[in-house]
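Student: Taken in order, these protein sequences are the chains called U and E.
When you line the first sequence up against the numbering used here, it's residues 6 to 560, in that order.
When you line the second sequence up against the numbering used here, it's residues 6 to 560, in that order.
What the hints contain is simulated information worked out from the structure, not anything from laboratory work.
Any given hint might turn out to be false.
No distinction is drawn between identical chains; accordingly, a pair holds when it is met within one copy or between any pair of copies.
What the hints assert, rightly or not - In silico DSSO-like pairs for lysine-lysine, Cα to Cα no more than 30 Å straight-line: (1) Lys408 - Lys329; (2) Lys339 - Lys329; (3) Lys411 - Lys105; (4) Lys535 - Lys329; (5) Lys114 - Lys339; (6) Lys549 - Lys532; (7) Lys535 - Lys228; (8) Lys408 - Lys255; (9) Lys329 - Lys434; (10) Lys228 - Lys198; (11) Lys549 - Lys114; (12) Lys369 - Lys268; (13) Lys434 - Lys327; (14) Lys327 - Lys411; (15) Lys255 - Lys228; (16) Lys33 - Lys535; (17) Lys411 - Lys329; (18) Lys327 - Lys339; (19) Lys549 - Lys198; (20) Lys198 - Lys339; (21) Lys434 - Lys228; (22) Lys408 - Lys327; (23) Lys369 - Lys339; (24) Lys535 - Lys339; (25) Lys33 - Lys549; (26) Lys408 - Lys339.
Here the structure is a predicted model, which is why all the values come from computation and not from measurement.
Protein chains: 2
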Amino acid sequence: MRRERLIYLPLGGAGEIGMNAYVYGYGKPGEERLIVVDLGVSFPDMDTTPGVDLILPDIGWLEERRHLIDAVFITHAHEDHVGAIGHFWDRLRVPIFARKFTGAIARMKLDEHGAPPSALNIVGAWPETVTAGPFVVGFLPVSHSIPESAGLVIDSAAGRVIHSGDFKIDLDPVVGEAFDRALWEEVARPGVKALVCDSTNVFSLHPGRSESTLGPAIEELLKECTGMVVATTFASNVARLKTIALAAEKAGRSVCLLGRAMKRMVDTATETGLLTGFPRTVTPEDAALLPRQNLLLLVTGSQGERRAASAQLAQGSYLGLKLKEGDTFLFSSKTIPGNERGVIRIMNMLSELGVDVVDDHDGKYHVSGHANRPDLEFMHEVVRPQVLIPMHGEHRHLREHVKLAKARGLAGIVATDGMMVDLSGNAPKIAEYVDAGRRYLDGSVMIGAMDGVVRDRIRMALNGHVTVTVIIDENDDPLGDPWCETMGLPETGRSRAALVEVLEADLGQFIGRADARTLRDEERLDKEIKRIVRQTAQNEIGRKPEVTVVVSRLA
Amino acid sequence: MRRERLIYLPLGGAGEIGMNAYVYGYGKPGEERLIVVDLGVSFPDMDTTPGVDLILPDIGWLEERRHLIDAVFITHAHEDHVGAIGHFWDRLRVPIFARKFTGAIARMKLDEHGAPPSALNIVGAWPETVTAGPFVVGFLPVSHSIPESAGLVIDSAAGRVIHSGDFKIDLDPVVGEAFDRALWEEVARPGVKALVCDSTNVFSLHPGRSESTLGPAIEELLKECTGMVVATTFASNVARLKTIALAAEKAGRSVCLLGRAMKRMVDTATETGLLTGFPRTVTPEDAALLPRQNLLLLVTGSQGERRAASAQLAQGSYLGLKLKEGDTFLFSSKTIPGNERGVIRIMNMLSELGVDVVDDHDGKYHVSGHANRPDLEFMHEVVRPQVLIPMHGEHRHLREHVKLAKARGLAGIVATDGMMVDLSGNAPKIAEYVDAGRRYLDGSVMIGAMDGVVRDRIRMALNGHVTVTVIIDENDDPLGDPWCETMGLPETGRSRAALVEVLEADLGQFIGRADARTLRDEERLDKEIKRIVRQTAQNEIGRKPEVTVVVSRLA
Numbered sequence: 006m007r008r009e010r011l012i013y014l015p016l017g018g019a020g021e022i023g024m025n026a027y028v029y030g031y032g033k034p035g036e037e038r039l040i041v042v043d044l045g046v047s048f049p050d051m052d053t054t055p056g057v058d059l060i061l062p063d064i065g066w067l068e069e070r071r072h073l074i075d076a077v078f079i080t081h082a083h084e085d086h087v088g089a090i091g092h093f094w095d096r097l098r099v100p101i102f103a104r105k106f107t108g109a110i111a112r113m114k115l116d117e118h119g120a121p122p123s124a125l126n127i128v129g130a131w132p133e134t135v136t137a138g139p140f141v142v143g144f145l146p147v148s149h150s151i152p153e154s155a156g157l158v159i160d161s162a163a164g165r166v167i168h169s170g171d172f173k174i175d176l177d178p179v180v181g182e183a184f185d186r187a188l189w190e191e192v193a194r195p196g197v198k199a200l201v202c203d204s205t206n207v208f209s210l211h212p213g214r215s216e217s218t219l220g221p222a223i224e225e226l227l228k229e230c231t232g233m234v235v236a237t238t239f240a241s242n243v244a245r246l247k248t249i250a251l252a253a254e255k256a257g258r259s260v261c262l263l264g265r266a267m268k269r270m271v272d273t274a275t276e277t278g279l280l281t282g283f284p285r286t287v288t289p290e291d292a293a294l295l296p297r298q299n300l301l302l303l304v305t306g307s308q309g310e311r312r313a314a315s316a317q318l319a320q321g322s323y324l325g326l327k328l329k330e331g332d333t334f335l336f337s338s339k340t341i342p343g344n345e346r347g348v349i350r351i352m353n354m355l356s357e358l359g360v361d362v363v364d365d366h367d368g369k370y371h372v373s374g375h376a377n378r379p380d381l382e383f384m385h386e387v388v389r390p391q392v393l394i395p396m397h398g399e400h401r402h403l404r405e406h407v408k409l410a411k412a413r414g415l416a417g418i419v420a421t422d423g424m425m426v427d428l429s430g431n432a433p434k435i436a437e438y439v440d441a442g443r444r445y446l447d448g449s450v451m452i453g454a455m456d457g458v459v460r461d462r463i464r465m466a467l468n469g470h471v472t473v474t475v476i477i478d479e480n481d482d483p484l485g486d487p488w489c490e491t492m493g494l495p496e497t498g499r500s501r502a503a504l505v506e507v508l509e510a511d512l513g514q515f516i517g518r519a520d521a522r523t524l525r526d527e528e529r530l531d532k533e534i535k536r537i538v539r540q541t542a543q544n545e546i547g548r549k550p551e552v553t554v555v556v557s558r559l560a
Numbered sequence: 006m007r008r009e010r011l012i013y014l015p016l017g018g019a020g021e022i023g024m025n026a027y028v029y030g031y032g033k034p035g036e037e038r039l040i041v042v043d044l045g046v047s048f049p050d051m052d053t054t055p056g057v058d059l060i061l062p063d064i065g066w067l068e069e070r071r072h073l074i075d076a077v078f079i080t081h082a083h084e085d086h087v088g089a090i091g092h093f094w095d096r097l098r099v100p101i102f103a104r105k106f107t108g109a110i111a112r113m114k115l116d117e118h119g120a121p122p123s124a125l126n127i128v129g130a131w132p133e134t135v136t137a138g139p140f141v142v143g144f145l146p147v148s149h150s151i152p153e154s155a156g157l158v159i160d161s162a163a164g165r166v167i168h169s170g171d172f173k174i175d176l177d178p179v180v181g182e183a184f185d186r187a188l189w190e191e192v193a194r195p196g197v198k199a200l201v202c203d204s205t206n207v208f209s210l211h212p213g214r215s216e217s218t219l220g221p222a223i224e225e226l227l228k229e230c231t232g233m234v235v236a237t238t239f240a241s242n243v244a245r246l247k248t249i250a251l252a253a254e255k256a257g258r259s260v261c262l263l264g265r266a267m268k269r270m271v272d273t274a275t276e277t278g279l280l281t282g283f284p285r286t287v288t289p290e291d292a293a294l295l296p297r298q299n300l301l302l303l304v305t306g307s308q309g310e311r312r313a314a315s316a317q318l319a320q321g322s323y324l325g326l327k328l329k330e331g332d333t334f335l336f337s338s339k340t341i342p343g344n345e346r347g348v349i350r351i352m353n354m355l356s357e358l359g360v361d362v363v364d365d366h367d368g369k370y371h372v373s374g375h376a377n378r379p380d381l382e383f384m385h386e387v388v389r390p391q392v393l394i395p396m397h398g399e400h401r402h403l404r405e406h407v408k409l410a411k412a413r414g415l416a417g418i419v420a421t422d423g424m425m426v427d428l429s430g431n432a433p434k435i436a437e438y439v440d441a442g443r444r445y446l447d448g449s450v451m452i453g454a455m456d457g458v459v460r461d462r463i464r465m466a467l468n469g470h471v472t473v474t475v476i477i478d479e480n481d482d483p484l485g486d487p488w489c490e491t492m493g494l495p496e497t498g499r500s501r502a503a504l505v506e507v508l509e510a511d512l513g514q515f516i517g518r519a520d521a522r523t524l525r526d527e528e529r530l531d532k533e534i535k536r537i538v539r540q541t542a543q544n545e546i547g548r549k550p551e552v553t554v555v556v557s558r559l560a
């Protein structure tokens with residue numbers, strides 16, 4: 006009889022930053038009872054996922070084992086941890102556990118997808134625990150860039166695992182719980198089998214700074230501002246919103262929130278009792294009536310998102326509010342790699358309006374929500390696990406995090422999405438490789454990343470498209486000439502004749518000469534027509550387009 | 006009679022970083038004799054220019070005035086300054102002037118486009134000058150990240166203008182000329198009407214460091230490397246190539262150059278006498294036989310380019326050379342904004358191979374080729390112009406550069422592409438707005454950025470594509486049902502039936518009910534069919550595709 010084992014399986018978030026989805030299991034191999042930690046999304050980009058709305062982890066492996074899953078735990082309310090919870094509700098239908106604020110955000114997502122209120126269970130912090138099959142799980146408060154983030158204490162017969170969640174070491178995080186070293190040490194005291202640990206900032210060499218250091222810097226900045234001030238950060242960074250709003254209040258500025266997410270986060274944090282002492286805000290209508298030097302707008306769009314409030318303000322005006330020469334725009338944020346062009350675009354539009362742009366200035370106006378390298382070492386020290394398993398990172402982050410651990414005598418293993426780790430023995434080992442990947446929410450449809458749908462769109466973007474129609478009559482003779490239409494291609498090329506005419510001439514010649522067998526053979530006709538279109542286009546315009554061939558046969 | 010005037014007109018490079026093209030003119034308004042400074046390109050990206058090969062400035066204004074142009078001057082051999090010279094040769098056919106090394110690079114580009122040898126004139130450095138119509142122009146050596154970069158001294162009856170070119174203040178640039186303060190001061194002494202000045206690094210607050218500081222750091226790094234070492238940087242940064250190659254030699258490593266551009270640059274710099282003392286290199290075949298710890302590969306692809314040597318090595322192997330655990334890969338470069346994803350992709354592939362990646366580490370292994378903020382102030386001080394005109398920058402750089410100048414009592418004016426500045430009076434003023442923009446080299450065809458070709462490709466990438474064919478018989482009756490083919494769209498949507506079948510059913514219903522007038526009316530048919538496809542697709546898959554409608558009429 007095979008022995009029971011404890012497994013860890015990342016399905017998202019290990020080998021990329023985004024769409025976190027981690028699985029833990031305990032039981033006989035193949036029959037483990039499972040819990041899921043986080044179900045997040047990633048965001049698409051034009052290079053690899055044009056037209057896609059959201060990227061989600063492929064949870065096929067979980068769907069096949071739905072009957073084995075006892076619970077889903079959500080560590081915190083960032084989209085890359087909670088964003089898929091609604092989309093996957095119908096496919097999993099297992100109880101979800103979260104703390105109050107995180108739960109309030111998850112609730113909205115579940116409601117949108119018709120999940121019943123009973124789907125979600127609100128849990129208090131450690132020492133409160135949830136029993137889920139063979140697991141006993143507790144939420145261990147930790148500081149991060151959103152309120153009420155938590156690590157998880159995951160106990161089973163195989164011992165204790167600590168899943169760090171996203172965290173930083175902040176002793177004064179302005180909103181939410183400070184990092185409580187004594188509490189983490191107490192939890193670690195009985196011995197920790199594995200620390201599954203955030204790796205995002207393993208390449209940041211300096212210790213992280215506290216959120217509380219930003220207030221004075223922002224106050225100083227506001228003293229120098231004579232016009233309107235706009236500040237942007239992630240709406241979910243409630244502590245930052247408070248820091249900025251309090252600085253505004255001290256500077257005699259009323260605060261106006263712009264952007265749906267901004268208002269939702271402040272409301273949710275207030276309703277759940279996490280946010281107190283936030284200055285009273287003014288509506289955009291009232292804001293428009295205030296002197297510019299008495300106003301600060303707190304807006305969404307720190308990553309250059311095209312439809313967010315910051316982009317709309319940069320384009321001219323938003324809800325009656327207009328920027329002009331002498332105003333100041335503060336990015337209290339860091340640009341996520343890949344978003345640079347969008348952010349720079351906004352900065353240049355602001356520059357054209359005469360607005361002074363201030364960005365994070367090497368951390369003066371922004372601190373990260375993730376533990377830097379020395380803070381990771383500190384966490385290793387506090388938890389003293391038998392083994393470190395890095396998560397929440399690209400391959401380079403995971404590898405570096407293991408190197409960091411090993412340099413200090415701590416065992417570590419790199420496990421990326423789909424690599425199941427057996428934690429039962431003294432040394433962790435890769436037990437299985439599981440299909441993991443991505444799904445796309447594409448319009449209103451969920452598709453697989455490998456379906457070829459997005460690949461075809463990328464090809465059309467790179468190569469353009471030609472439609473060819475041919476009519477074949479009852480006697481298998483061509484009726485008239487082939488007809489071409491192009492999209493996304495130059496009108497004329499080398500020969501200076503219209504591209505469609507050159508294509509039609511070449512295709513006409515081919516069809517005119519084609520023997521009866523070719524004209525009857527659908528596949529061959531399709532293949533030949535595509536070949537001719539590509540070759541002619543290559544000659545004419547130096548490009549081989551995608552081709553749709555429609556052969557209509559008159560019955 | 007109108008008085009003669011001196012004008013400055015950027016057609017590219019002012020309001021963006023890339024595709025530099027500046028025009029100076031002297032004469033009666035509208036009849037100015039012209040010179041052109043630089044004709045460069047920019048590089049496309051998937052977000053805005055999918056499938057495009059190169060971005061070039063729209064020189065329509067120049068083409069209309071070809072008879073007025075006396076010369077083109079190329080300041081240095083970077084692609085954003087010289088890259089368009091071949092593509093535009095046939096359209097301009099005016100004499101080109103460059104220094105030796107720059108000329109050698111320009112020559113290759115001109116040869117590719119069939120320009121005669123006489124098109125290009127090689128000029129020595131200041132005090133040598135070229136008379137071009139009303140202008141006398143001299144090349145003033147300056148340090149930059151490519152050998153033989155030069156500012157231009159542009160004299161006319163209206164006074165002296167200094168066009169800085171791309172520059173940094175480097176007193177020991179390893180290859181090429183150091184910044185010669187005495188020479189620049191001597192040139193500035195008679196008084197300078199305007200300094201048209203590089204603005205790239207106006208937001209970099211610290212003084213720039215010398216190329217010569219990198220050698221020791223790279224030598225230190227190599228001491229710690231036990232496996233093969235790969236280093237990448239821009240091929241045109243010949244000084245960096247030499248710095249790295251000499252460090253390799255000291256560490257007992259043979260140097261192997263990989264990538265066409267790498268070899269071409271080293272060869273050209275050697276042939277023109279600029280590069281001396283470069284260690285003897287080994288071929289890839291010989292390199293494959295050397296012990297790994299005795300080898301350093303100098304490779305192209307520092308910006309994550311998909312086909313460059315670095316990408317191929319990261320994918321597994323290139324020309325028989327393979328990376329493995331324990332090797333080191335050095336990015337002696339800075340990632341240009343927008344290229345982050347590509348570079349990170351390579352880094353992660355290297356991480357998967359077990360290769361240690363080292364990047365610029367806050368400047369330890371890379372210095373910029375552009376003057377930082379304090380260096381710009383130094384340049385203002387050396388030249389002491391009447392007015393500063395910032396160039397080579399996005400709007401935010403130009404604006405900041407003018408602010409920097411004004412803070413020190415120097416007049417400045419922001420002029421972006423298409424804004425003609427009249428420099429004749431005491432204060433510069435915008436005299437005219439000229440059509441400026443971009444052209445795309447698209448495959449082998451030059452198209453306008455506003456032609457809609459690329460816009461259509463972007464739309465297909467975002468929305469997918471549907472082809473609809475309808476056959477109408479001699480009596481204007483539909484023959485059979487409409488036929489649909491999709492590309493880049495999910496196969497099924499909300500109704501779980503095939504998308505094409507749902508589309509065909511809705512179109513069949515419309516065609517079946519359409520009255521004779523509609524069936525005869527090409528435009529109306531097209532519009533209605535598109536409307537139905539978009540609406541049905543929106544219902545089914547939440548997306549409105551691009552549609553090509555082909556109505557075939559049997560005569």
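Student: Against the earlier hints, flag every one the structure doesn't satisfy and list their numbers going up.
Tutor: 3, 4, 7, 10, 16, 19, 20, 21, 24 and 25
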